[in-house]
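Build the complex: two chains, separate frames, hints provided.
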Amino acid sequence: GIQVEQSPPDLILQEGANSTLRCNFSDSVNNLQWFHQNPWGQLINLFYIPSGTKQNGRLSATTVATERYSLLYISSSQTTDSGVYFCAVLFSGNTPLVFGKGTRLSVIA
Amino acid sequence: SAVISQKPSRDICQRGTSLTIQCQVDSQVTMMFWYRQQPGQSLTLIATANQGSEATYESGFVIDKFPISRPNLTFSTLTVSNMSPEDSSIYLCSVDFNGVTDTQYFGPGTRLTVL
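First to last, the protein sequences are chains A and B. Using the working numbering, the first residue of the first sequence is number 1, and each one after it goes up by one. Using the working numbering, the first residue of the second sequence is number 1001, and each one after it goes up by one.
Treat the hints as calculated values from the structure; they're not laboratory data. Among the hints, erroneous ones may be present.
According to the in silico footprint, chain B covers these stretches of chain A (three or more CB under 8 Å from chain B) [to be verified]: (1) 54-65; (2) 96-109.
Computed beta-carbon distance windows for the label pairs [said to hold, decoys possible]: (3) B:M1031 x A:S51: 14 to 24 Å; (4) A:N24 x B:M1031: 46 to 56 Å; (5) B:S1084 x A:A17: 23 to 33 Å; (6) A:Y69 x B:E1054: 42 to 52 Å; (7) B:N1050 x A:A17: 20 to 30 Å; (8) B:G1040 x A:Y69: 22 to 32 Å; (9) B:Q1038 x A:Q3: 11 to 21 Å; (10) A:S75 x B:Q1024: 18 to 28 Å.
One-sided excerpt, in silico: chain A residues whose CB lies under 8 Å from chain B [said to hold, decoys possible]: (11) N31; (12) Q33; (13) G41; (14) F91.
Nothing here was measured: the structure is a model prediction, and the numbers come from that model. C-beta atoms are modelled at their ideal positions from N, C-alpha and C, and glycine is treated no differently.
Extracted from the complex, chain B is given alone in its bound form (with noise of 0.2 Å):
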């Protein structure tokens, strides 16, 4: 494995505010997922994010309001917009360096709060 970063790692936002979370890997990954998880909840994917490609989004989930950017295989970026306090979640950003066991590994995550 390597080593997975986000930034910021917590953040209080004012509705109608955007943030974007930085997903920074130590190699180069071919994917990329980035997961919201609701207060006392699991895990949902948001997005599959590959280099040189739109993002896919899951049910559920539009490019208007979680804008993705992967400009490279190491870097990713995922934008709240527009936020209300139904945004307030933590949001990780994983990646799976072997495709062949599809092991994923998850950053620190990004624990957002809109007031």
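The following block holds chain A by itself, in its conformation from the complex (with noise of 0.2 Å):
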């Protein structure tokens, strides 16, 4: 069936570090999409990502649509980064957006 994986699920990082979070998908996509839970759960567009790379500040995403798989890049991480990230997927065939599992990240000073 389709499926969103997410890795790794917690990542614990030091104030002003880098990190990678990677989104498998198991078939062809009509869109996908990364969103930031905040600790107060509300869910922040980060990017429309179904093919290519986009950078937004220090946040920026590449999608690998033939490859299935997508990455978030985080660089010079702060505490304001902390929280839930999550890849959300439309695969293709009219099928609802489908939420993987997330990566919890928490950015310490």
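Next comes the structure, spelled out in structure tokens:
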């Protein structure tokens, strides 16, 4: 069946460090989104990236659709980056948005 | 994108009671969705709410437990009926502003605790 797998499940970083989060998906996609859920539960859109590379400040994302993975890069991490990062995929064939289990990031000062 | 609001932001309820959650968008949208996020878990789609038709429920969710209304293109409600402690979750609505890109945006969520 269709699957979205994220790694690592948990990550602890020292402030200022860089990190890479990975999202693997099992089939062709129409859409892929990265979200950050802050400690208050709010889901914040980071990227809409079904293919290619995008950058927004310290964050960037790359999706290689042919190899069925996406990467989220966080550079010079800050304590405010803490929270859960979700990858969500809209597979071809009009299926609902499927969320991965998330990567829980803790950035410590 | 536009502004999505939810009411209430949080509530504590007694088992056996029902709670209606409201989702308001400041522009018209075709597709609205309701998700549940159980503690420490990922998001699971409950149903898709389209204006003028009955909601479409995902496997494991039924209309009697989670009735949904969608009276117009800017508003929807989700009711959690006959609640039990297992219903304690964050409930989120989301919208797809642009059917071409299928990009979803989420409301701030309603944090529900059932005692």
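Hints, one by one, checked against the model:
1. 54-65: It is violated: at least three residues are needed, and the stretch 54-65 of chain A offers just 0 whose Cβ sits closer than 8 Å to chain B.
2. 96-109: holds (count 6)
3. B:M1031 x A:S51: 14 to 24 Å: 23 Å, holds
4. A:N24 x B:M1031: 46 to 56 Å: Roughly 26 Å apart at Cβ, these two residues miss the hinted range, so it is violated.
5. B:S1084 x A:A17: 23 to 33 Å: At 43 Å between Cβs, range violated.
6. A:Y69 x B:E1054: 42 to 52 Å: 37 Å, violated
7. B:N1050 x A:A17: 20 to 30 Å: 45 Å, violated
8. B:G1040 x A:Y69: 22 to 32 Å: Hint holds: Cβ distance 25 Å, inside 22 to 32 Å.
9. B:Q1038 x A:Q3: 11 to 21 Å: 19 Å, holds
10. A:S75 x B:Q1024: 18 to 28 Å: At 37 Å between Cβs, range violated.
11. N31: Because about 5 Å separates N31 (chain A) from the closest Cβ in chain B, which is inside the 8 Å limit, the hint holds.
12. Q33: Hint on Q33 (chain A): holds, closest Cβ of chain B at ~7 Å, below 8 Å.
13. G41: 5 Å, holds
14. F91: Because about 11 Å separates F91 (chain A) from the closest Cβ in chain B, which is outside the 8 Å limit, the hint is violated.
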